[in-house]
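Protein chains in written order, with our numbering: chain A, 1 to 173; chain B, 1 to 301.
Hints are not guaranteed to be accurate.
Pairs of lysine-lysine residues, derived as DSSO-like cross-links and limited to a Cα-Cα distance of at most 27 Å, are as follows [stated by the list, open to error]:
hint, chain 1, residue 1, chain 2, residue 2
1, B, K21, A, K167
2, A, K139, B, K36
3, B, K148, B, K190
Computed footprint of chain A on chain B, listed as stretches where at least three residues anywhere in the stretch have a Cβ under 8 Å from a Cβ of chain A [what the hints assert, rightly or not]:
hint, region
4, 131-138
5, 220-229
Hints listed in this document are in silico derivations from the structure and should not be mistaken for laboratory results.
In this text the structure is predicted, and so the values were computed from the model without any measurement.
The beta carbon of each residue, even a glycine, is placed where N, CA and C say it ideally should be.
For reference, the chains in residue letters:
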Amino acid sequence: MKQDQPAGICEEITFSGFFKSHAKALRNFLYYKFGNEEQADEATQEAFIKLWENCANVPPEKAKSFLYTVANNTTLNHIAHKKVVLEYSKKNVNHDTNNQSPEFLMEEDQFAFKLQSAIANLSEAQRSAFLLHRIDGKKYHEIAEILEIGVKAVEKRIHGALLQLRKEIDTFK
Amino acid sequence: MNEDVTLAKWLNDEMDDRELKDFMSTPEYATYSKIKEFSGRLSVPETDMAALYKNISDNKNKANQPRVRRLNPWIARVAAILVLALGATFFLYATHTTTQRAEVAGRETFLLPDNSEVVLNAGSDVNYREFNWSGNRRLELEGEAYFKVAKGQKFDVVTPFGTVTVVGTQFNVKARNGRLDVVCYEGKVKVTSGTDTVLLTPGKTVAYLDGKNLNVPNAKEHKPGWLNYETYFSKVQLRDVISEMERQYNITISLKNNPQPNSPFNGTVPMNNLDMALDALLPVYHLQAKKAGNTIILSAE
Chain A
1 MKQDQPAGIC
11 EEITFSGFFK
21 SHAKALRNFL
31 YYKFGNEEQA
41 DEATQEAFIK
51 LWENCANVPP
61 EKAKSFLYTV
71 ANNTTLNHIA
81 HKKVVLEYSK
91 KNVNHDTNNQ
101 SPEFLMEEDQ
111 FAFKLQSAIA
121 NLSEAQRSAF
131 LLHRIDGKKY
141 HEIAEILEIG
151 VKAVEKRIHG
161 ALLQLRKEID
171 TFK
Chain B
1 MNEDVTLAKW
11 LNDEMDDREL
21 KDFMSTPEYA
31 TYSKIKEFSG
41 RLSVPETDMA
51 ALYKNISDNK
61 NKANQPRVRR
71 LNPWIARVAA
81 ILVLALGATF
91 FLYATHTTTQ
101 RAEVAGRETF
111 LLPDNSEVVL
121 NAGSDVNYRE
131 FNWSGNRRLE
141 LEGEAYFKVA
151 KGQKFDVVTP
161 FGTVTVVGTQ
171 FNVKARNGRL
181 DVVCYEGKVK
191 VTSGTDTVLL
201 TPGKTVAYLD
211 GKNLNVPNAK
221 EHKPGWLNYE
231 TYFSKVQLRD
241 VISEMERQYN
251 ITISLKNNPQ
261 PNSPFNGTVP
271 MNNLDMALDA
281 LLPVYHLQAK
291 KAGNTIILSA
301 E
């Protein structure tokens with residue numbers, strides 16, 4: 001609790017501290033939502049600027065949910081909502097063994113590619129929930145908080161996302 | 001209505017052993033497992049958070065500025081000009097001094113803003129401010145004037161040789177050549193010259209020469225004689241009598257030597273007939289007059 005600071009979020013130091021602890025997660029979320037880095041950056045900035053403009057009315061403990069509300073309300077109005085292209089960088093693929101065959105590695109690459117395009121084809125709601133879990137390691141209840149929905153709804157979205165992903169990947173074998 | 005969320009349970013490692021065993025035996029499990037494994041390895045491309053924060057800082061400072069609404073600068077300019085113009089007008093109006101003057105050989109009768117009446121004798125000036133006159137009845141007199149003051153607050157006549165203060169009264173003030181004569185005809189008049197203060201009641205007269213009380217006798221008339229062109233002199237130096245005649249008749253009177261410099265003049269001199277005036281004055285000092293145009297030369301008989 002930051003009750004000791006009367007100026008709250010309006011205090012430069014509080015604001016910048018708040019940015020440091022929340023900006024990255026917010027940007028990731030917006031990235032899942034839009035599937036585009038530039039738009040994620042832009043929407044992150046806008047959310048924080050909105051927070052600053054309303055700093056006097058937003059107590060520090062409500063600031064996080066304020067940010068996500070703004071983020072959830074942000075829509076892409078300038079660009080048509082066509083198929084988003086995700087550019088996820090892969091982590092080190094050589095997880096347990098080094099002696100895998102080239103064929104196996106190629107297969108792995110192919111699968112990764114397929115998975116990425118399948119994720120890009122998910123609905124915005126499913127993708128956001130799924131990636132918040134897979135990449136940010138958020139618990140379902142945390143995801144529910146971020147998306148401002150119930151835990152049950154999160155589970156439905158994750159379930160639906162997995163169904164959709166498998167279907168797409170298996171169809172284009 | 002229980003919707004199926006088993007895949008979500010599985011992904012979150014919430015399945016019990018039986019459920020998991022059943023799930024693993026399905027043909028789709030291989031793909032699900034791969035999805036789980038591969039999606040766990042994904043990451044989001046990094047961005048320069050410091051640059052992002054800088055953008056926000058720049059923007060939030062900008063965003064805050066428009067809240068200070070700048071008025072159209074012309075409004076301020078016009079307002080300033082109006083204030084200045086009004087101020088200057090008021091200042092001029094408030095400090096504007098009205099001057100009334102009676103030229104030599106002339107008279108001037110006028111009313112003050114409160115309808116007090118002033119009659120200026122020849123060659124006299126009065127200055128006063130019309131602004132807030134009833135709150136500050138004060139005028140400056142050089143020369144001689146008769147006042148008929150309307151009732152009201154105190155009324156000051158400031159002369160170089162003393163101040164005359166009255167409340168609703170009729171009085172005459174003469175301030176000439178270092179000498180101050182005040183005659184009260186009605187009401188009360190307070191005369192201050194130097195450190196001396198005298199309160200005059202009707203009929204009382206006071207005269208100061210260079211700040212010294214001359215103890216002149218009281219006037220007998222109910223109005224100053226000069227209003228009817230008869231000037232009464234009491235203990236007046238000859239030169240001052242001559243000055244008065246010069247003013248009244250608009251002439252120059254030249255006196256080479258005063259044969260009796262230490263005897264002041266007492267008496268009445270007509271101011272509408274020069275010959276009679278000279279007749280009233282000259283015998284007292286044994287002088288004779290010679291007229292040369294607009295100049296009269298006085299010399300011993």
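query = Hint by hint, which ones does this structure get wrong, listed from lowest number up?
reply = Of the numbered hints, 4 and 5 do not hold.
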